[in-house]
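J.: Model the full assembly from the supplied sequences, consistent with the hints where possible.
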Amino acid sequence: MITIPERDWKIIRDLKQELLNVACEQIFQRVEKLSANRAGQQHKSYLELYKLIEKEDEKIAKMFNDLKRSNAFFKIAALRHYAVLTDAQMELFSEETRAIVEDLCQFRR
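For the sequence shown, my numbering assigns the number 1 to the initial residue and increments by one for each residue that follows.
Treat the hints as calculated values from the structure; they're not laboratory data.
Just so you know, even glycine gets a beta-carbon here, dropped at the ideal spot from N, CA and C.
Don't take each hint at face value.
What the hints assert, rightly or not - Computed Cβ-Cβ distance ranges for the label pairs, DEER-style: (1) Ser45 <-> Asp14: 32 to 42 Å; (2) Leu49 <-> Asn21: 15 to 25 Å; (3) Ala88 <-> Lys62: 19 to 29 Å; (4) Gln29 <-> Thr3: 32 to 42 Å; (5) Ser45 <-> Ser94: 37 to 47 Å; (6) Lys62 <-> Glu96: 15 to 25 Å; (7) Ser94 <-> Gly40: 30 to 40 Å; (8) Lys51 <-> Asn21: 36 to 46 Å; (9) Glu58 <-> Thr3: 47 to 57 Å; (10) Arg38 <-> Glu18: 25 to 35 Å; (11) Glu95 <-> Asn37: 42 to 52 Å; (12) Gln42 <-> Lys10: 40 to 50 Å.
What the hints assert, rightly or not - Calculated lysine to any residue pairs in the SDA-like style (CA-CA distance at most 25 Å, straight line): (13) Lys10 <-> Val31; (14) Lys33 <-> Lys10; (15) Lys10 <-> Leu67; (16) Lys68 <-> Leu20; (17) Lys55 <-> Glu95; (18) Lys10 <-> Ile53; (19) Lys33 <-> Asp103; (20) Lys51 <-> Lys68; (21) Lys62 <-> His43; (22) Lys51 <-> Phe28; (23) Lys44 <-> Leu67; (24) Lys33 <-> Leu20; (25) Lys16 <-> Asp66; (26) Lys51 <-> Ala88; (27) Lys16 <-> Gln89; (28) Lys62 <-> Ile11; (29) Lys16 <-> Leu67; (30) Lys59 <-> Glu102; (31) Lys51 <-> Glu32; (32) Lys59 <-> Ala88; (33) Lys44 <-> Asn65; (34) Lys44 <-> Lys59; (35) Lys59 <-> Val22; (36) Lys62 <-> Asp87; (37) Lys68 <-> Glu32; (38) Lys59 <-> Gly40; (39) Lys33 <-> Lys62; (40) Lys51 <-> His81.
T.: Written as structure tokens, this is what we have:
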């Protein structure tokens, strides 16, 4: 099994908290939008909110839970797929890692 190069492992570890904050902010924006349109349909909005949080929690898990060298390529691909990792941040990684992540992203489309 291929593992992420040490240099790239350090990059993803260093970016993890910042990326988690970005992902959570994206979720808060979705929650705020849903919450703003709840007048007269509070229960329906609550159910939609519950489903949203469930779905977003699954995404957070795919991107961040149990990050280790053996699954780092998959985590980075998930971060790209969910538009959390920017192009500029992606450029920090080696060409090898970028190529592997790009290949993995092809399967997610």
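J.: Which numbered conditions among the earlier hints are violated in the structure presented, ordered from lowest to highest?
T.: Per hint list: 7, 8, 9, 13, 14, 17, 18, 19, 20, 21, 23, 26, 33, 37, 38 violated.
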